[in-house]
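**Student:** In case you want the letters, here they are:
4 protein chains.
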Amino acid sequence: MSEPTRVLIWNEYRHERERQEVRDIYPDGIHGQIAGGIASDDLDIRTATLDEPEQGLSEEVLDWADVVVWWAHLAHLEVEEEIVQRVHQRVLSGMGFVALHSTHDSKIFKRLLGTSCSLKWREANEAEILWNLQPSHPICRGIGERIELDHEEMYGERFDVPEPEELLFLSWFQGGEVFRSGCTWRRGHGRIVYFRPGHETHPTYYNESVLRVIGNAVRWAKRTMNLPTECTNPDPVRSIT
Amino acid sequence: MSEPTRVLIWNEYRHERERQEVRDIYPDGIHGQIAGGIASDDLDIRTATLDEPEQGLSEEVLDWADVVVWWAHLAHLEVEEEIVQRVHQRVLSGMGFVALHSTHDSKIFKRLLGTSCSLKWREANEAEILWNLQPSHPICRGIGERIELDHEEMYGERFDVPEPEELLFLSWFQGGEVFRSGCTWRRGHGRIVYFRPGHETHPTYYNESVLRVIGNAVRWAKRTMNLPTECTNPDPVRSIT
Amino acid sequence: MSEPTRVLIWNEYRHERERQEVRDIYPDGIHGQIAGGIASDDLDIRTATLDEPEQGLSEEVLDWADVVVWWAHLAHLEVEEEIVQRVHQRVLSGMGFVALHSTHDSKIFKRLLGTSCSLKWREANEAEILWNLQPSHPICRGIGERIELDHEEMYGERFDVPEPEELLFLSWFQGGEVFRSGCTWRRGHGRIVYFRPGHETHPTYYNESVLRVIGNAVRWAKRTMNLPTECTNPDPVRSIT
Amino acid sequence: MSEPTRVLIWNEYRHERERQEVRDIYPDGIHGQIAGGIASDDLDIRTATLDEPEQGLSEEVLDWADVVVWWAHLAHLEVEEEIVQRVHQRVLSGMGFVALHSTHDSKIFKRLLGTSCSLKWREANEAEILWNLQPSHPICRGIGERIELDHEEMYGERFDVPEPEELLFLSWFQGGEVFRSGCTWRRGHGRIVYFRPGHETHPTYYNESVLRVIGNAVRWAKRTMNLPTECTNPDPVRSIT
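Protein chains in written order, with UniProt numbering: chain F, 1 to 241; chain Y, 1 to 241; chain S, 1 to 241; chain X, 1 to 241.
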């Protein structure tokens, strides 16, 4: 059997410690819930959080990881520039990156995509329907035609991201907005997935389809090689004279 | 008649002052040669250089510009982070950006694209042929099937950039390499063009076809609107209850 | 002043002649309403319909046209193969093609895109909101954040088209579906726009924003050159020996 | 262990029977050489040729196949329209399609892509270098920086295809041309690969790297699901009243 995929689930882990209503939903943190929810023999899963040494993202753990899942919201600005660059370099050399929900506004996501990644938002406990546009894509496997969530935060267009290379999910919101909720891009040798759902006040990461998309995404985005991205100065292949 | 397009040609302007062989080719600087070479009634052109106050890129001049043309090589690391952010924000709000030659390794280009933008290179005075892949694209208008340059620096693949949205030119080099020499991307509301030729030791910016591509590119990439990219929190369009 | 853009608006023109409720809305046909609605000094507009000689698409009129706007629904299968090929070749050589609403299922649209172009649909007079994703794109110019239509036919994903090169509008429907309602692709030297709204039983083509999008689209997609697409067998550029 | 991938290698098989110089290189036909060259435990390989019943492409064999590899040159026009439609439908429902060399001009390839797929060509036994642009892509795995072929037919740009979704290989030719030699697109639920090398008068399909790319491509493009592409008329998900 092939080696398991090494998955690092990184969570800001502030909401869960600071607000009882969030802790009630995610007593082990969002990272803990996702780690349990996608557990499988072919995945070797670790978790890390912002308030750990080196913000949970040492060179060692990043050398280990094939793919990082990221959830953050309140403390984007606390992530140190050096850590951002460290993760950025790993993605360019082939590590996968799965950005969940409010990670849209993180330094690392914006660094990878080059845009503001801004959007409209509203907390109104409204219904969301995610339509599966690419049922034959590995990330959408096992998901039916749609995922319905009774209560979620609304994210609305215009989502300021580069045109996705693959658009996998589109969301409908009760209040009238739409959103590109599942997107992929490549940067360097790394693969990036954005998946929208998961506001901290809703039990979204208990939804089986949401967990399946995340599990599919880590398998799709995982590192397959470790390639350099430096400039080189070679001799000609063919004689110039 | 409509307003002329406001073009800022920014040049590092170090090679020309430091090396006689470069000054012989570009006595007015690369910026001066390009400014003269693309001059036209529908363009209002200014130039700026790295060693001017605010590195030539004040808020005022950037508010003025519809599009910036950028040439740099030696001193990428001297461009201040604040200036990089200033230009980045302008591009996201709609200003065009035309990156020439060694600008591939500038902070601002890498910030916009999110990758290392690394490549292979060789200074061997070898022949380059640029093939025009999209003769009906506005940037390629008036260029025939190909542009031939007798002596240029070689740039070779793998060019570590996100997949171009439009691939306009492909280069052949005498020594055996190939390169994606004309590419476009969109970031935020801004349009980005990369155009490869123009090593400082060759008179490439006197070539009529090369000048025509740059002139076409500024017209294609110019700002058409000034749009914000901030997150907003709107009321529902449709009643949620 | 430059030459006006030559626009051919082609309509199946069956619903309007066969059903009173449609004729009441479009007494001059959908083609007549659009022609009047986008009239402008910079556009030279003609109309044509299926039941005219050569199905309204003679070599002469296609040689004349810079861009064709197409509306059809009932009679897709009546369009002759020769006519489909004639239009196809014109698009590949540079003529623009703007496909409206049920044109998604026409032979020519499927021929250009290579897919089934299938979708979900429902006639339930429900509300539609079209969100403008690219306000700085020429096709979206002058359209605000969104277009609201009180009653339209629903089109829902999965829309079986190649990933759009530019996704301009996303629709929200009252019944829970979403749709990629404004899309562009390039084929050969031609530019293709798909724009969703316009069911024959609704006065959609009287909406100022809908008309503006169509007017913008013909200007964006119009032919700029007439280029061949044949294989050629050239001598080497560089000596091979 | 998972089921082997079912690969159908389809060859026109005329050159090999009609010209001694081709038969000397490919005594078992190009299909036979590729079948042997990519043989592996995880692939279940069949071959078929144009002059067999139903042109080698019965409903049964297409129902069986997860992916088709296609080589053709002289007899594109002999492939019956019904067969083209049969293959087209299979690709849209999820079957992979790997187009080799002169298949660029086949009916099925042009039907899938929607363009003329024209190009420049020259038979001059010149050297070709294929540069690997995406070493971390599954199709490029195990291929180094480049593939060198001492003698091949030249194919040159402009290759009239829709912008590739992934550009994997770029070719350099001794005579001065370049070519997008490895490309992928998606159509419906199917994945399409174009790979350039393989003129019938050269022993290209004995090259280990060329065979490896073809083997990688069939594994990447293989069917993963069998999905319909028909229009459907569903009830609303959400109450409209």
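Bear in mind the hints are in silico, worked out from the structure with no lab data behind them.
Some hints here could point you the wrong way.
As the list claims (entries may be wrong) - To give a feel for the contact side, a few chain Y residues facing chain F, derived at Cβ under 8 Å:
{"hint": "1", "residue": "L74"}
{"hint": "2", "residue": "E78"}
{"hint": "3", "residue": "S118"}
{"hint": "4", "residue": "R219"}
{"hint": "5", "residue": "I240"}
Note that the Cβ used here is the ideal one computed from N, Cα and C, for glycine as well.
**Student:** Hints first: check each against the structure and report whether it holds.
**Tutor:** Status of the hints after comparison with the structure:
1. L74: violated, 14 Å
2. E78: Hint on E78(Y): violated, closest Cβ of chain F at ~19 Å, above 8 Å.
3. S118: holds, 5 Å
4. R219: With a minimum Cβ separation of about 22 Å from chain F (threshold 8 Å), the hint on R219(Y) is violated.
5. I240: Holds, about 5 Å.
Hint compliance for this structure: hints 1, 2 and 4 are not met, and every other hint is.
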